[in-house]
Each structure stands twice: as C-alpha cells, then as structure tokens.
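Chemist: Sequence:
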Amino acid sequence: MSKTINILQRDESVAYLCERDPNLCKLIKVVGDLSITLKQNYFEALVKQVIGQQLSIKAARTIFGRVKTLCETIEPKTLESINDEQLRACGVSYKKIAYIRDLSRQILEGKIDLYSLVNQTSETIIKELTNIKGIGRWTVEMFLIFSLGKENVFSYGDIGLKRAINWLYQDSKNIDKMVEKWAPYKTVASLYLWEIVNRNYINEFEDIDSLYNFNINEKEL
185 MSKTINILQR
195 DESVAYLCER
205 DPNLCKLIKV
215 VGDLSITLKQ
225 NYFEALVKQV
235 IGQQLSIKAA
245 RTIFGRVKTL
255 CETIEPKTLE
265 SINDEQLRAC
275 GVSYKKIAYI
285 RDLSRQILEG
295 KIDLYSLVNQ
305 TSETIIKELT
315 NIKGIGRWTV
325 EMFLIFSLGK
335 ENVFSYGDIG
345 LKRAINWLYQ
355 DSKNIDKMVE
365 KWAPYKTVAS
375 LYLWEIVNRN
385 YINEFEDIDS
395 LYNFNINEKE
405 L
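Per the numbering used here, the sequence shown starts with residue 185, numbered consecutively.
These are calculated hints, taken from the structure and not from any lab test.
Some hints could be false.
Claimed, not checked - Computed cross-link-like contacts, DSSO-like style, restricted to lysine-lysine with a CA-CA straight-line distance of at most 30 Å:
{"id": "1", "residue 1": "Lys365", "residue 2": "Lys213"}
{"id": "2", "residue 1": "Lys317", "residue 2": "Lys261"}
{"id": "3", "residue 1": "Lys334", "residue 2": "Lys295"}
{"id": "4", "residue 1": "Lys223", "residue 2": "Lys334"}
Start from the sequences and build out the full structure, keeping to the hints where you can.
Modeler: Have a look at this one:
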C-alpha cells in the first residue's frame, strides 16, 4: 500500500523556498517537479530503514528485497513464522534481527501502535520510537518523510544531505541557519537536496551556478 505526493513548480512550498533561498531555487528549477511515494505499511517501512542502517543504498535494497521475497508481506505476525537463520541468510545481521524482533514484539504486545502516531508532532514521534532498541533519530526521520509525509523534517545525521549542502553552498559552517530558513518546508528542501547526489550533480558540476548555466544552455540548443 502506498500513496504518491507530487511536488510541483507551482506549489506554495516551492515558491516559498525560492523566495528565501536563491541557490536552492536554482536547483529546484533544474530538477523540476518531484514525486514521493509514501510507504504506508509502517512496520515494513521501519524494518527497511533498520536493515539499511550503515549500508550502501545498493546493499540495503538487495538485502531488503530478499527479506521481502522471504516474507511476502512484512508484518509482525509474518515475521513470527520466520526464524533468525532465515533472516541471516538474507544478509541481515544478528544485531539488526534483534532490533526488528524487538519492534515486532512491542507491536504485537500492544505497546506501540504505529498508526496512532500519524497526527502526533514529529518530535513526539521521534521521542517515542527512539525508545525502541536499534531505532535512532535518523531512522525515525526517514520514517517521518517517506511514510508519514511530514512537511518540516531535515535530518542532520544524513550523509547525503550534508554532502549536498556542502556542494550547494560551498560552506558547511552555517548549516543550522540555512536549514531554519526553509521552515515549514524542510522536507521539500531535503528531497531536492538528495537529487544533487542521486543525479550525480555533486561529481559532474563544480557548483550550482555551473549546473544552472549548463541547464540553461541545454534548453536553448
């Protein structure tokens, strides 16, 4: 089950960011419209994030794909019928298996209801979920963005975002000031920043001006 949200150039959030941040605005114009698919099986989404901790995107996708094939539907009850060795054979470490088991157990025992979190504030959700062993702030922030669709989330611990900001502004000293001017649309800004890495702009262009000018010249040809 999933839901797609489209981020369009004409949206209020995009206009707001462009008004406040010229560099980000240039990036937005180059990238164009974006879409984000929200994963609404919340347990599966958290399992995916736990599996992906400290792994490359490619490795995380491969391992999660194996788990998905094994379980078919990733739900707490489904995992009860899968033993640790089967998960380990998929590439999941024993430590992460323990984390996933703990999350599953707390849901089955009624200690946590992921779907009741939807209307809570981001900080409340972070506080509650980080009490679960193996789930840190970054994991919850990805959950807030890619499952709950929260609009005002920026993950200071995300390496990709750090690299993107360094490239976009050629400065890593004033990140807090940069990020705060994007409120209340930090998530939209984050999604565009990730595209710097995803599209390899970070390696192909020296800075945003060289990318922006290249894009203009391409359109004029």
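Chemist: Run every hint past the structure and note whether it holds.
Modeler: So, going through the hints one by one against the coordinates:
1. Under the criterion of a C-alpha separation no larger than 30 Å, the hint pairing lysine 365 with lysine 213 is consistent with the structure, at around 19 Å.
2. Distance hint between lysine 317 and lysine 261 is fulfilled; the C-alpha atoms sit about 19 Å from each other, no more than 30 Å.
3. A hinted pair counts as satisfied when its Cα atoms are at most 30 Å apart, and lysine 334 with lysine 295 qualifies at roughly 23 Å.
4. Restraint check: the Cα-Cα separation between lysine 223 and lysine 334 comes to about 13 Å, which is no more than 30 Å; the hinted pair holds.
Every hint from the earlier list agrees with this structure, and none is contradicted.
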